[in-house]
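There are 2 protein chains.
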Amino acid sequence: MTGGGECLAIVAAGGSVPVHVAEAARAAGRPVFVIGLDGVADERLRAFPHEMLKWGQLGRARELLAERHVGDLVLIGTVKSRPDFANIKVDLGAVRLLPKVLALLVGGDDSLLRGVVKLIEDMGYRVVGAHEIAPDLVARRGFVVGRRLSAAARADVGVAFHAARAVGGLDIGQAVVSVGRRVVAVEGAEGTDALIERVGVLKASGRVKWTGRSGVLAKCARPNQDLRVDMPTIGPATVEAVARVGLAGIAIEAGRVMIADRPQTVALAEQTDTFIIAEDDRDPVDGG
Amino acid sequence: MTGGGECLAIVAAGGSVPVHVAEAARAAGRPVFVIGLDGVADERLRAFPHEMLKWGQLGRARELLAERHVGDLVLIGTVKSRPDFANIKVDLGAVRLLPKVLALLVGGDDSLLRGVVKLIEDMGYRVVGAHEIAPDLVARRGFVVGRRLSAAARADVGVAFHAARAVGGLDIGQAVVSVGRRVVAVEGAEGTDALIERVGVLKASGRVKWTGRSGVLAKCARPNQDLRVDMPTIGPATVEAVARVGLAGIAIEAGRVMIADRPQTVALAEQTDTFIIAEDDRDPVDGG
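First to last, the sequence lines map onto chains A and B. Our numbering numbers the first residue of the first sequence as 2 and each following residue consecutively. Our numbering numbers the first residue of the second sequence as 2 and each following residue consecutively.
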């Protein structure tokens, strides 16, 4: 942990999580400077010391980090579409960094992220996770929403959580769905929303059968995942989809999966009678 | 192995594989009797001693097995849709078996199959695999179609085969797709055809990027799978889908994955320049 006096830079893409992180830092009395992605970052971030930059203004970003005496840096937020590299205007600082950046871009998603972190650390900044600034982004072991599980739900939590951990260990995906104690869908590159949609299709086609609310989505981090910059996330859209296809609830890995828009996520789960439980490798929660 | 003199019963659902099995048995000089599922079994089976029965005529099936002095029995063929239980007419023998059959039906797919095998064995018959009668239904280690792999294809075969084995070991699915050395799709309950379609969607949406032919579908048996009655299968539709979405080829587990309609499957793979390779846990085929 670094002292509260040094400035925390929040490099912010889209969504409400960067706002939440900025608020948490401010509430802790920590100076904050926001570098937002122009047109993508939430407008509420303008309430904090900030500058909005475009893709390619890496030189300006570097200047800002130096001017503001930044020590720690958080990279947070969602990017819905990749930048159109043909239309990026690069500033002089970006040109200087270009060989390093291009070397990163050829390596694919995972190595890109690792490379960006290394680049920032090589400049002398420390990359910290959003959950280190706002610990309520993750959940402790136990119920987040709900009070107890049916025996069937308890069994599906166990099957899905175990499978999600194992599949993550193979570096495949982060999420699986179990219905009737059987893994029916495993996430690959399609993402969790598409995974849940697929379960809906399996149900509609009769390949997986259940009535009422049954089955569990489990989501875990991979063992080697860099949680500072790449944390598995659930949010209101996850709860909405889980409830819509008729799954009973969601099991997330305690401390290692982010709950975005937590108040809205929790409210929606309560409204739709969808449980959210945080598990770890100890005894199952509500295992009795 | 039992002697060639005893009658082999082929209990046949749909598709060409039961015909191939009947022909292989006849070619080996073995007496055959076909019990076909009426309206589902291939009409070519009428060239063999046979009787076509409806779902529910279990009593008649049992009579036939006794009358024909059956020793070994093969259960083979595809069932596209489950019988409509409300419209099944059960014969007297089926009524007698009903308690056992109902006990099976409540247990889900896997235990159903295990239960059916046990029921047949308890009657004194031996259940044998179609590949024990027609060994060319499975492939030995090596190329089935193709002569050598690019380095990229070799890498994807390794990643996909390893992941398919591991996912099978977790009792999840039988197939995975790797593109660019990364597992991009894992089979759950949706089946292999839907898995390949999903890879096409991932490509069309830009979530997984490649040009030309790249990536590998791997398919393996689960460690505990009863290969006598439930063998993973590829066929012409698999090859067609793999070629259509632009994957480079297919890796199957040697000896434990069935190639249905082998001549047609091989011809289609050759026409579409799709490799098919059979791997086992020894050194990779064409690993140099």
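Keep in mind that the hints were calculated from the coordinates and are not lab data. Be aware that a few hints might be false.
Copies of the same chain look alike in the list, so a pair counts if it fits in one copy or across any two.
As the list claims (entries may be wrong) - Taking lysine-lysine and the DSSO-like style, the derived pairs with C-alpha atoms no more than 30 Å apart in a straight line are:
| hint | residue 1 | residue 2 |
| --- | --- | --- |
| 1 | K210 | K119 |
| 2 | K81 | K55 |
| 3 | K81 | K119 |
| 4 | K210 | K55 |
| 5 | K90 | K119 |
| 6 | K119 | K55 |
| 7 | K210 | K90 |
| 8 | K210 | K81 |
| 9 | K90 | K55 |
The structure presented is a predicted model; accordingly, all values stated were derived computationally and were not measured.
Hint-by-hint comparison with the structure:
no.	hint	in the structure
1	K210 - K119	between (47 Å within a copy, 25 Å between copies)
2	K81 - K55	within (15 Å within a copy, 54 Å between copies)
3	K81 - K119	within (24 Å within a copy, 53 Å between copies)
4	K210 - K55	between (48 Å within a copy, 25 Å between copies)
5	K90 - K119	within (23 Å within a copy, 70 Å between copies)
6	K119 - K55	within (21 Å within a copy, 67 Å between copies)
7	K210 - K90	between (53 Å within a copy, 24 Å between copies)
8	K210 - K81	between (33 Å within a copy, 16 Å between copies)
9	K90 - K55	within (8 Å within a copy, 71 Å between copies)
The structure meets every hint from the earlier list without exception.
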